Every structure is written in C-alpha cells, then in structure tokens.
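Undergrad: Listed below, chain by chain, are the residues.
Number of protein chains: 2
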Amino acid sequence: MSEQKKSITVALDIMGADVPPDSIMTGGIQAAAECGDELQVTFVGKQEVISNFLDKQKNVPSNISVEYAAHAVAMSDNPTEGIRKKNSSIAVGLGMQKRKEADAFVSAGNTGAVMASAIMVLGRIEGISRPAIATQFPSRSGRPTLVLDVGANVDCKPMHLFQFGLMGSVFASLMTGRTSPRIGLLSIGEERSKGNEQVMQTRELFEKSGLNFIGNVEGRDILSGRADVVSTDGFVGNVLLKFTESIEGFLTKSLKRQIETNIFSRVGAGLMTPFLRRLRNAFDYSEYGGAPLLGINGVCIICHGTSSPKAIKNAVIVAARMVKHRIGENIRQEMAILNNSNNNEQDDKSQNGRDRFVRSISSDDEL
Amino acid sequence: MSEQKKSITVALDIMGADVPPDSIMTGGIQAAAECGDELQVTFVGKQEVISNFLDKQKNVPSNISVEYAAHAVAMSDNPTEGIRKKNSSIAVGLGMQKRKEADAFVSAGNTGAVMASAIMVLGRIEGISRPAIATQFPSRSGRPTLVLDVGANVDCKPMHLFQFGLMGSVFASLMTGRTSPRIGLLSIGEERSKGNEQVMQTRELFEKSGLNFIGNVEGRDILSGRADVVSTDGFVGNVLLKFTESIEGFLTKSLKRQIETNIFSRVGAGLMTPFLRRLRNAFDYSEYGGAPLLGINGVCIICHGTSSPKAIKNAVIVAARMVKHRIGENIRQEMAILNNSNNNEQDDKSQNGRDRFVRSISSDDEL
Chain A
1 MSEQKKSITV ALDIMGADVP PDSIMTGGIQ AAAECGDELQ VTFVGKQEVI SNFLDKQKNV
61 PSNISVEYAA HAVAMSDNPT EGIRKKNSSI AVGLGMQKRK EADAFVSAGN TGAVMASAIM
121 VLGRIEGISR PAIATQFPSR SGRPTLVLDV GANVDCKPMH LFQFGLMGSV FASLMTGRTS
181 PRIGLLSIGE ERSKGNEQVM QTRELFEKSG LNFIGNVEGR DILSGRADVV STDGFVGNVL
241 LKFTESIEGF LTKSLKRQIE TNIFSRVGAG LMTPFLRRLR NAFDYSEYGG APLLGINGVC
301 IICHGTSSPK AIKNAVIVAA RMVKHRIGEN IRQEMAILNN SNNNEQDDKS QNGRDRFVRS
361 ISSDDEL
Chain B
1001 MSEQKKSITV ALDIMGADVP PDSIMTGGIQ AAAECGDELQ VTFVGKQEVI SNFLDKQKNV
1061 PSNISVEYAA HAVAMSDNPT EGIRKKNSSI AVGLGMQKRK EADAFVSAGN TGAVMASAIM
1121 VLGRIEGISR PAIATQFPSR SGRPTLVLDV GANVDCKPMH LFQFGLMGSV FASLMTGRTS
1181 PRIGLLSIGE ERSKGNEQVM QTRELFEKSG LNFIGNVEGR DILSGRADVV STDGFVGNVL
1241 LKFTESIEGF LTKSLKRQIE TNIFSRVGAG LMTPFLRRLR NAFDYSEYGG APLLGINGVC
1301 IICHGTSSPK AIKNAVIVAA RMVKHRIGEN IRQEMAILNN SNNNEQDDKS QNGRDRFVRS
1361 ISSDDEL
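Line order of the protein sequences matches chains A and B. Just so you know, we're using the working numbering here: the first sequence kicks off at 1 and counts up by one. Just so you know, we're using the working numbering here: the second sequence kicks off at 1001 and counts up by one.
It is worth saying that the hints were derived from the structure and are not from the lab. There may be inaccurate statements among the hints.
Unchecked claim - What the simulated footprint calls covered on chain B by chain A, stretch by stretch (three residues with Cβ under 8 Å from a Cβ of chain A suffice, anywhere in the stretch; the number is not a length): (1) 1038-1045; (2) 1236-1242.
Said to hold, decoys possible - Which residues of chain A face chain B? A few of them, derived with a C-beta cut under 10 Å, are: (3) 155; (4) 187; (5) 195; (6) 219; (7) 232; (8) 239; (9) 250; (10) 257.
Being a predicted model, the structure only gives us computed values, none of them experimental. Think of the CB as a built atom: it goes at the ideal place given N, C-alpha and C, for glycine as much as any other residue.
Whole structure, please, built from the sequences with the hints as guidance.
TA: Below, the structure written as structure tokens:
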C-alpha cells in the first residue's frame, strides 16, 4: 500500500435488522479481513452491544472501528418515525458520511427509514428527481440483470423511469465492467404499441438519449438476461422482487412434498442438495450484497433484514467499490452530458458515445 | 345420461397457435373422449387442415364436430387486424356462441385478437367495465392462486381492480369450491399506508363491499397461497405472468450448468428428473388449461400459443365447467347484489353473506 492511498470508510449499521447485531458485525469483520488496509469498517450502534461482541472476538482486525449510537430504528417504525430518531444508528451512520468521516453507509435495518434518511441527510444528485433502489436478479447468462426501482417510488413519471435507466446504466458499466450496458424498459410486449401510457412516453425519452436502449422488454427477459439494466416503477419492481424472494420457499416446499412421496427421488434429493441450495441462492438477492440506493450524493446500500454475514460482507465490499468508482459523480456527469446534448441537438452525437464512463474511473485496481 | 340433459358445446379454434393444428385437435379429441356425450367439441378452422387430421385418426369420437373457417389470424397480426378478418376461425367460433350454436370458445391463437373479438362479439356483462384475463399461479398450499388481470387492461381505475377481485371471487368459488374466497389486493406492503394511489382507493371499495377482502398482499403472497384471488392491473399481472413462465427455462439452464460441473449431481439429476419436470410444470400455466376471459357474456378461454394437447384438453374441460356453473350469470348477479347493497346500505348485510353463489350452481355433478 502506498501512503498516498486513502482507505475507504464504510459505516455499517449493526442495529435494527431481523438478524442479531452479532451476525451483522461478523459480516463486517469478514469484509475488513478480506480487504485489508484499503478498507475501514465502522460499526455504528449501541455501545454495550458492540462491546459485548468485540470482547468475545479473539482477533479484531485493526481496520475495524466503532461509532456509538444511542438508539435504533425498529422494523415496525414508519419511515417518518425513523427519521425523527435523532441518535439512531441510521442517523449517526449517515451523519458520518455527511461530515466526510465515512464514504458509505450500509444498513440491514428498516428500508423505508434508511432510504428517506439517506435522501434527507445526503441529498439528491443534481438533476435526479427520484433516487431509486437497484437490485440484481439472476439470469440464464450467469450475469445478473439490474432492475430498478424496486420500491423507492410507487408513482412514477416518464422522466423518473428514464433516469432509473440512466443510473442503472452507470452502475452496471462501472461496477460490472460492461461497456454500453443494454437498457430495457419493462412492458407487456416488445412492440412499440404495447404498454401503458407511462411506458410509451418513457420510450421516447430513451430513444433520443443516445444511451444503449434496446426497447421494451417483458417479464421473461429479466431471467433471460436480454438486458443488463431494466427500468420500471417501484411498484412493479417491488412486486417482482418479493415474488422472486418467495420462489426459494416454494421450491423447498415442492421438494419436500416430492421426497415424501417417492423413495427414488429421496436418494436423488440428497445428491441434489448442493444444486438446490445454489438454485435457491440464485433467487436470494442478499447473495449480491444488498441493494444500492442510486441518485443520492453519497453511497448507501440497503440490505435485506435477514442478511447472512456473507451478504453483509458482500454489501460492505460493494459499497467500497461504489466509492472507488465514484458512482454518484459519474451519474452527475452523465446527467450533465445528456442535458447538454439535449440543449445542442446538432452537436456531434459522439458526446454520447459508448466509452464515456471509462475516463472517470478513479482507479483500475479492484477493491 | 338422461335425455333431458343437453350437452355442452365447446368451439375449439384449431388455427393460429404456435403449435400445429394437429396438436390442438389431439387435445380436443382427448377432451371429447374423456367427457363423453356430456360434451360436444367443435373444431373450427380450415377445411383441408381438419379433414387431413381426421382422415388420419383411427377412431374419431362421435362428439367431435367441425365448423369451417376460411381464414386464420396470425400471431403477428395486431388485434385490430385480427378483428377485421371476417371469416377467421376466431370470428367463426365466437359467432357460433353468439348464435347459441356453441356455449364456449377456446383458442390458443393471438391473445389480443381473441380478447378483443370476444368482447366485441359477445359483449360485456352488465355493470362490468373491463373484462379481465385470469390466470392460476401455483402456491405452496398446493391450491392455485387466481391472479387477474394478466394483460387485458394496462391502465386501470380503482373500480376496475375492484371488479377483477369480484369476478375472480365468483370464479374461484364456483370452479374450485372455495366458500368465500380470500381476495387480496396486490401492493408493496401489507400496511394500509403502502401502495400507489390506485391501490389506496381500491382498498376502500373492497372494504365496503362485504366480499372476503383480506387487504393488501405482496409479491411473495402469490406463491405462498395467502389469498385465493389476487387483484392487480394488467400491466403488473402480465409482467408477473411472463416472469413466472421464464422460471422453467432458468431452472433448466441452471441445472445443466450444475450437471456439467459435478459428477455426483449428475447421478442425482437423473433421479430428480421427474421432480424437476413437475416443478417446471408447476410454473407452466398451460397445466391449468388456459386463462379464462372473465366479464363477458359467454365463456372464452385463452390458451398459451405453445399449449400441449393436455393443456388444450384441460382448457376445453374447464370451459365446459364454466358453462355448467354459469360463471357469467353469477358475476352478473353478484354485481347486482353489490349495487343493490350500495344503494341500500342500511339493509341487512347478510345479503352479502358467504354462500350466495351456491344457490345458483345449476348442478352438483362435475363435468
């Protein structure tokens, strides 16, 4: 490590999840151990909870630090109540980022409260009307499909859907190294004439943007991997996300019923256990390390309330990579290029060329 | 069979599917053979196609008849073009029902054209603003969840969503024998405060209806079986339906990748084949025999373009059962009761009691 290289600090909310704080902290320690000095993980939560946990550890990596918060937002709190809790782990963790004491915030707590607080404390990127939650779905190609929004905005205007696609494209380009990610607009048919009013108007915005817009995609195209980024409103996205999360339980239940009725498949089931586990994991979005909230001035990743330590570890590492790739700054630049291009439609379209993100990546080495 | 008992005639469109007409007719023959004289199946399509098929059959059941149609609507036709084809198998089959020469129509052809033609030719049930396509999803409970609308109406008002729930409730009650089916309204959280504008207004309509409304349900509740009927707009429903249909391909692809990498799971995979087939079938809506279009004056079932003979057989049998249970008449009565109840809110609520459909079932014996 060169001395010039500043480490990235991720504030990790250890409170308010469905799993115990110890499980969250275990994930944080795994991330710290895996990344070394490049990463600083700060546990944010109640003093006694953190101390009890750390006292039990044989080795605490030197890149773990702590920041105490007197309160926690409960899963049952509504977002407004959540925001009002001044010294909650959410408020303290985001406050660190606001004061530049941290670069990112990761929480497995109350989604609505985290989202609302992040937008309030960190603010929106200039030009972005509605920050959105992005989630990676598995696909047949083996490379995930990024779907957004999955719950931040239920009633969307065409401009919002367009901006979701743009933000997703920046994220997919920088984080997964895809040049010119294919953006699809979720609808009920590929034809221009199909879809609701919202979709038809959004299509026009994409078509004149210069982004790599592949047109309408359908429900089946998410798992097929036909698009890298799928734009939809938070209502449809959230219904799809929760439906997808329930597939695991459905498969398990169907398997049990099958095993009970057939001795041959009982033998098969034993041999197939690793496969089924992997299959179920494919439908579990915590494997991808949580869902980034895109469009804010900062980095915030919202994890599932039942996140495993591995999911927390992944989320912390993804958060640090988002900082490194300056996702927010790139989204801001992309918005500016598009606005500029719209104002000067005669200008050379190459301004909207494929490789425009590459120049702005701060470093090539992966965290 | 008593002589008084009139058989039920199902007009089966043999044209315009993705599978060949012979495959559709094979399903029709299976239905005719299974049901005997209670059912009459009429093949509707091009003369030479039907003759060629029937000439090859060793035994054609006596309850198979034919009705020739000079044209076919292609999958690629838009619904407006489809409606204009006067002597298409869709127009001829629905015309038979209009003239009371048939009681039901089943087609695996162009969904949009079948839907639009059925509404135009047969008309809507009095009081129903928007007919809807209903589809059965599998559930952990083993009993399917009926979701509607899955594509007929992309932009819906609260009254439409309410009527979808009502129609689904009548269908589930009569066709699956559930007393007082639980109706859920698809949203992004169970709480009253969650959902979009449309959902919040629809909730009020359900709450004062006297139907067995269980409140908002989420994406995960479809496979969990928490509701018998789930109401949503045709945009969300269609995205979900197509997403669900793609799960089979995703599972197969994931299985293949797993088998290629692991000898133990290769053995397991062989033993698990029947299970996986069943699992995939669970996600294939053709197993339920197609999707009824509810809210029209008549019976119309729309099948998947790639329907197997078994799916067609099931669809024909379900169509005949819908005729027997007088689904349309029961939806009309239910609408009248609700309108009456809304006009006389002081009236005894028992008018809206649980068992109101039972009296109107024409017969208890199952087709």
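Undergrad: All the hints need checking, so say for each whether the structure fits it.
TA: Now the hints, each set against the structure:
Chain A is given as covering the region 1038-1045 of chain B, and this is violated because 0 residues of the stretch bring a CB closer than 8 Å to a CB of that chain, at least three being needed. Look at the region 1236-1242 of chain B against chain A: 6 of its residues bring a Cβ nearer than 8 Å to a Cβ of that chain, three or more, so the hint holds. Satisfaction of the interface hint for residue 155 of chain A is found here, the shortest Cβ-Cβ separation to chain B being roughly 5 Å, below the 10 Å cut-off. Hint status for residue 187 of chain A: holds, given a least beta-carbon distance of 8 Å to chain B, under 10 Å.
For residue 195 of chain A, the interface hint holds, the least distance from its beta-carbon to any beta-carbon of chain B being 7 Å, beneath 10 Å. Against a cut-off of 10 Å between C-beta atoms, the interface hint on residue 219 of chain A holds, since the closest Cβ of chain B lies about 3 Å away. For residue 232 of chain A, the interface hint holds, since its Cβ comes within 10 Å of a Cβ in chain B; the closest pair sits about 8 Å apart. For residue 239 of chain A, the interface hint holds, the least distance from its beta-carbon to any beta-carbon of chain B being 4 Å, beneath 10 Å.
Taking 10 Å as the C-beta cut-off, the interface hint given for residue 250 of chain A holds, the closest approach to chain B being about 4 Å. For residue 257 of chain A, the interface hint holds, the least distance from its beta-carbon to any beta-carbon of chain B being 8 Å, beneath 10 Å.
Comparing the model with each numbered hint stated earlier shows that hint 1 is the single one that does not hold.
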